[in-house]
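2 protein chains.
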Amino acid sequence: MQTKDFFIDRMAIVGVGLIGGSLSLALKQAGVVGEVVGIGRGRANLEKALELGVVDTVTQDLAAGVAGADLVFLATPILALGEVTRQMMPHLKPGAILTDGGSVKQAVIDAIEPQLRADVQFVPGHPIAGTENSGAEAAFATLYQQRRCILTPTRKSSSQALQQVRRMWEIAGSEVVVMEVDKHDRVLAAISHLPHMVAYALVNAVGAYDRYNENILEYSAGGFRDFTRIASSDPTMWRDIALTNREALIEMMDQFVTFFSELKQDVATGDGDRLFEFFRRSKQSRDEIL
Amino acid sequence: MQTKDFFIDRMAIVGVGLIGGSLSLALKQAGVVGEVVGIGRGRANLEKALELGVVDTVTQDLAAGVAGADLVFLATPILALGEVTRQMMPHLKPGAILTDGGSVKQAVIDAIEPQLRADVQFVPGHPIAGTENSGAEAAFATLYQQRRCILTPTRKSSSQALQQVRRMWEIAGSEVVVMEVDKHDRVLAAISHLPHMVAYALVNAVGAYDRYNENILEYSAGGFRDFTRIASSDPTMWRDIALTNREALIEMMDQFVTFFSELKQDVATGDGDRLFEFFRRSKQSRDEIL
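Quick note, the sequences are listed as chains E and Y, same order. Numbering follows my numbering, in which position 93 of the first sequence is assigned residue number 93; successive positions increment by one, without gaps. Numbering follows my numbering, in which position 42 of the second sequence is assigned residue number 42; successive positions increment by one, without gaps.
For the record, the hints were derived by calculation from the structure and aren't laboratory data. Predicted, not measured: the structure shown is a model, and the values here were computed from it.
Since copy identity is lost for identical chains, a pair holds within one copy or between any two.
List of simulated lysine-lysine pairs, DSS-like, C-alpha gap at most 27 angstroms:
hint, residue 1, residue 2
1, 93, 156
2, 183, 264
3, 48, 283
Use the sequences and the hints to build the structure in full.
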């Protein structure tokens, strides 16, 4: 990756957790950023971010934090973005580029774009990466390597701003895909939001099993451990995703129920041929994408 | 692990795949087995097992393979066990111990125990270990290390035979738990069989999503990859599990539907507090077992 044509003098990151902190670390490691200011509400997390070198300076003052920033990365839960944008807007430097890492894009655009000053650019983005851990301690420089990052520029996004944000994610190690907003929200409902809902429901269903006087989760091995890991992601983040991508998510939850009901019917009737075919088809889907 | 009081002169393994092959490799590595005979139907897999040193000799002839064996490990799909047992029974050595690795225990006991000779011991077992791969090539010596192995002895199982099988799994690296048959089948329905059904249904539901002219599984990352891995396990094995643990599995599938429906309702109505609580509870369940 050639980086000498790309340098951010001053960058502000609002929300210094896994997503924001890891981007900071990746860009610092690549040597393409001057100073990174970490902005957040929790003092303890900011101090941890500073101590770990995730960012260079920290502040709880949004206005002061974004002042003079060439690029501002918003990495708060989705439902906080509207208010954060409202508060920071008057303090942004003319020409500043605003981008985000929210998992739902239409809701983020609706919250931010009406508030945009004419001399500020906004490029909505979504790095498809994460772990079940949260907070500045969870951040690491290689989180975005070999991952996809989807950008969903609006009609207002300049091609120059889009190019800057694209380069930033490429330097962080990601393959950038530009996509329509609606497609992003529907594809993500299918491959990310639905699976998380399924994992949360599964862990709660099994955790509530009380036939025996012990926590049967302790017997879990292999596959189920993966479910519990997925279902231990940040509740606030997932609440916001479920609330803001409702229509697409309900469509996928219905689609899942259709398939699960078919499978349950085949188990109930003991139809071995249909069960084999159902399992074989799933294995084939996977083998095709590997 | 002290092993000098344990040695199997001749062992037969029926079904030299991931489960059977890995047990052979673990016991050979520990030096507690003389000769291991691999028995199977597929010539190519047996030759691969021999070539890789998973077993010492191979045969497609069940009668010849089990002749003289002190311990026979059955690692075929569950529904094949009855017929395999019927065919091998006249050829077993007096005093031989029979054990298995089937994921459902009542069905295995029902298939095997009525056919047992008085001078042959049967100890039903289930190592809680596996990967999504199958065949002799998938076998590895450390599969059972730090895993649990559940034994469900019947009233007919002698304590001496139980002790032998227990030692065998301990030497392979597992923690052995002795459990009632019914409890095993219900606990496994919850922590293993249900999660697999959920993963299969999810991968098929997402794989069938056809709104876009491309395979959206290619966008999948993180969590969803785990689901596709789980849902690529051997279809024959899972068909047999679904067919033989039907009652407990249907009970758990119903329990899952209850929780998934509750979650879907909260998404549909946009109840943020209930969503947060649902996700938080799941995370807590997981944190408690780590």
